[in-house]
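Chemist: Spelled out, the chains give:
There are 2 protein chains.
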Amino acid sequence: MPTTIAILAPGAMGSAVARRLSENGARVLTSLKGRSEATLKRAADAGMIGAEDDAIADADIILSIVPPGEAEALAERLAALIVKRHKKPVVVDCNAVNVDTVKRIEEIIGSAQAPFVDGGIIGFPPQPGGKSPAFYMSGEHARNLALLKDLGLDIRIVEGPVGAASALKMSYAGIVKGLAGIGSAMVIAATKAGAADALRDELALSQPAILARLEVALPDMIPKAYRWVAEMHEISGFLGPDHPASQIYEGFARWFEHLAADAKGEAVDASLLKAFATGAAKKA
Amino acid sequence: MPTTIAILAPGAMGSAVARRLSENGARVLTSLKGRSEATLKRAADAGMIGAEDDAIADADIILSIVPPGEAEALAERLAALIVKRHKKPVVVDCNAVNVDTVKRIEEIIGSAQAPFVDGGIIGFPPQPGGKSPAFYMSGEHARNLALLKDLGLDIRIVEGPVGAASALKMSYAGIVKGLAGIGSAMVIAATKAGAADALRDELALSQPAILARLEVALPDMIPKAYRWVAEMHEISGFLGPDHPASQIYEGFARWFEHLAADAKGEAVDASLLKAFATGAAKKA
Chain A
12 MPTTIAILAP GAMGSAVARR LSENGARVLT SLKGRSEATL KRAADAGMIG
62 AEDDAIADAD IILSIVPPGE AEALAERLAA LIVKRHKKPV VVDCNAVNVD
112 TVKRIEEIIG SAQAPFVDGG IIGFPPQPGG KSPAFYMSGE HARNLALLKD
162 LGLDIRIVEG PVGAASALKM SYAGIVKGLA GIGSAMVIAA TKAGAADALR
212 DELALSQPAI LARLEVALPD MIPKAYRWVA EMHEISGFLG PDHPASQIYE
262 GFARWFEHLA ADAKGEAVDA SLLKAFATGA AKKA
Chain B
12 MPTTIAILAP GAMGSAVARR LSENGARVLT SLKGRSEATL KRAADAGMIG
62 AEDDAIADAD IILSIVPPGE AEALAERLAA LIVKRHKKPV VVDCNAVNVD
112 TVKRIEEIIG SAQAPFVDGG IIGFPPQPGG KSPAFYMSGE HARNLALLKD
162 LGLDIRIVEG PVGAASALKM SYAGIVKGLA GIGSAMVIAA TKAGAADALR
212 DELALSQPAI LARLEVALPD MIPKAYRWVA EMHEISGFLG PDHPASQIYE
262 GFARWFEHLA ADAKGEAVDA SLLKAFATGA AKKA
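Quick mapping for you: the protein sequence lines, in order, are chains A and B.
So the first sequence is residues 12 to 295, counted in my numbering.
So the second sequence is residues 12 to 295, counted in my numbering.
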């Protein structure tokens with residue numbers, strides 16, 4: 012019997028992970044009830060099998076890969092399915108949620124007597140033939156997921172309880188996405204004040220590594236900004252509401268909301284970022 | 012006659028600049044009225060000459076180098092001195108103030124009929140025998156400061172009006188100091204959640220340039236955090252009160268305030284940052 016893995020939902024990351032697993036011999040289930048034509052096609056292309064809830068609850072491993080705001084509701088849904096089963100799947104929350112959220116999810120899954128693992132994905136969805144993003148896993152059941160390594164995922168154990176993998180994901184995203192946030196805000200403001208060339212030149216001289224990073228990160232960020240809004244709220248929550256730095260991340264949420272709206276509309280700011288990244292601002 | 016340059020005030024940056032200028036043959040005046048013994052000594056060591064207000068107003072160039080919150084008051088004081096003189100010095104605001112602030116300062120100095128230059132200093136105070144920080148200058152009178160190059164300062168003209176040099180300074184500081192802000196917040200939170208080693212390892216693998224920068228920037232930031240509070244408010248003002256990113260910089264101000272208080276007190280967070288920077292967290 013091949014290992015059966017259920018992945019919810021079949022989004023960009025979930026379906027790319029499914030493709031990797033099915034290419035390596037796993038049977039990958041997902042829930043397709045009420046999903047769009049585009050999602051059905053993406054799931055089929057990735058080798059995912061549409062399955063009823065009972066079949067999903069019978070999987071060996073369930074990977075939750077959803078936007079952070081949906082992680083808890085999905086856990087509730089899974090717990091309701093699993094609680095009735097004799098054989099329990101290992102449930103892995105792979106989402107960009109904070110430590111408190113993942114501990115609540117651990118309780119929800121625990122109420123169905125299923126083993127739970129805290130996961131955090133760092134990197135881009137796996138491309139056919141390409142490398143896997145890093146799947147950080149923590150908690151006492153993390154080592155039970157070694158078989159995912161044989162199925163082509165880059166599984167890395169974080170020593171520590173449920174929460175450690177999410178803390179890593181939060182802090183890493185807080186630095187890397189935060190840098191895209193401050194970089195974009197300052198590049199746009201400098202451009203509007205006529206100082207973009209000088210900023211570029213000074214960064215090239217004194218902080219070339221930061222400039223190189225911004226040249227990649229700023230255009231990459233534009234289509235993702237809408238997804239980063241919820242993640243920034245999660246990072247603010249990771250710090251805690253009274254933490255003296257949480258306002259920074261609430262600010263990032265607001266800024267990415269603005270950039271997302273700009274990208275969907277006139278894309279004025281988006282074009283300034285692209286011009287800076289390509290160095291076109293120099294010739295303007 | 013040597014060029015006479017007045018520098019107010021003889022702080023760490025002001026006195027280091029004065030030393031560079033006096034070593035290169037300039038006569039450097041400053042105001043020492045009511046200053047501490049330590050300041051008198053620092054000024055004397057730097058070759059600065061204590062002078063009355065009238066002598067300061069007679070200088071060829073006046074450099075304003077003060078904490079951002081004091082820049083406007085100093086401009087008022089200088090304008091009152093200069094308005095009575097026949098020969099007008101070139102007044103240069105070198106402070107980390109935002110575009111609106113420097114435009115108000117331009118008006119204040121303009122009311123005394125003196126030529127005004129917007130300046131921004133990027134880099135550390137000049138060390139004897141070492142290189143000069145970059146002195147960015149903008150505005151129609153910026154080219155009148157070429158002689159400062161011969162006196163050992165790294166003068167760089169920013170094409171554009173008064174405000175362009177300050178915009179460069181704001182946006183550069185907003186990126187470089189902002190990175191220290193997010194890096195410190197996330198490193199401390201990751202350490203407290205037991206994820207510091209994993210964060211370090213992941214950065215080393217996927218973002219080595221950011222890790223290298225944080226290793227330098229985090230310990231360097233600790234003794235300066237108190238000065239960065241006002242600068243972060245300036246950057247917030249540079250964006251404007253209704254700007255969707257200004258909350259990020261208000262958040263940084265609050266965070267640096269916390270780090271400054273921590274450094275003066277138990278230094279709990281400061282020691283976590285130092286441990287991360289040296290990699291000591293790995294062995295803990």
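Among the hints, a few may not be true.
Repeated chains share a single entry, so a pair holds when one copy, or any two copies, can fit it.
Said to hold, decoys possible - Simulated pairs of lysine to aspartate or glutamate, EDC-like, Cα-Cα distance not exceeding 20 Å:
#, residue 1, residue 2
1, Lys203, Glu170
2, Lys52, Asp212
3, Lys203, Asp253
4, Lys203, Asp111
5, Lys285, Glu268
6, Lys98, Glu117
7, Lys114, Glu226
8, Lys52, Glu63
9, Lys160, Asp231
10, Lys44, Glu118
Since the hints were derived computationally from the structure, they do not count as laboratory data.
Chemist: Treating 20 Å as the Cα threshold, decide for Lys114 and Glu226: within, between, both or neither.
Modeler: neither (37 Å within a copy, 31 Å between copies)
Chemist: Please sort Lys44 with Glu118 into within, between, both or neither, judging by C-alpha distance up to 20 Å.
Modeler: Neither. Shortest intra-copy (27 Å) and inter-copy (67 Å) distances fail the 20 Å Cα cut-off.
Chemist: Please work out whether the CA atoms of Lys203 and Asp253 approach to 20 Å or closer within one copy, between two copies, in both situations, or in neither?
Modeler: between (34 Å within a copy, 16 Å between copies)
Chemist: Which holds for Lys98 with Glu117 at a C-alpha limit of 20 Å: within a copy, between copies, both or neither?
Modeler: Answer is within; shortest intra-copy Cα gap is 18 Å, inter-copy 76 Å.
Chemist: Please sort Lys52 with Glu63 into within, between, both or neither, judging by C-alpha distance up to 20 Å.
Modeler: within (18 Å within a copy, 81 Å between copies)
Chemist: Between copies, within a copy, both or neither: which fits Lys52 and Asp212 at Cα up to 20 Å?
Modeler: neither (47 Å within a copy, 37 Å between copies)
Chemist: For the identical chains here, do Lys285 and Glu268 meet the 20 Å Cα criterion within one copy, between copies, both, or neither?
Modeler: For Lys285 and Glu268, only the intra-copy Cα distance (18 Å) is at most 20 Å; the inter-copy one is 34 Å.
Chemist: How do Lys203 and Glu170 come out at 20 Å by Cα distance, when the copy is not named: within, between, both, or neither?
Modeler: Between copies, since 14 Å is at most 20 Å while 47 Å is not.
Chemist: Give the relationship of Lys160 and Asp231 under a CA distance limit of 20 Å: within one copy only, between copies only, both, or neither.
Modeler: Cα proximity of Lys160 and Asp231: none, with 28 Å in one copy and 40 Å across.
Chemist: Can you tell me if Lys203 and Asp111 fall within 20 Å by alpha carbon in one copy, between copies, both or neither?
Modeler: Result: close only across copies, 14 Å inter versus 40 Å intra.
Taken one by one, the earlier hints fail for this structure at numbers 2, 7, 9 and 10, listed in ascending order.
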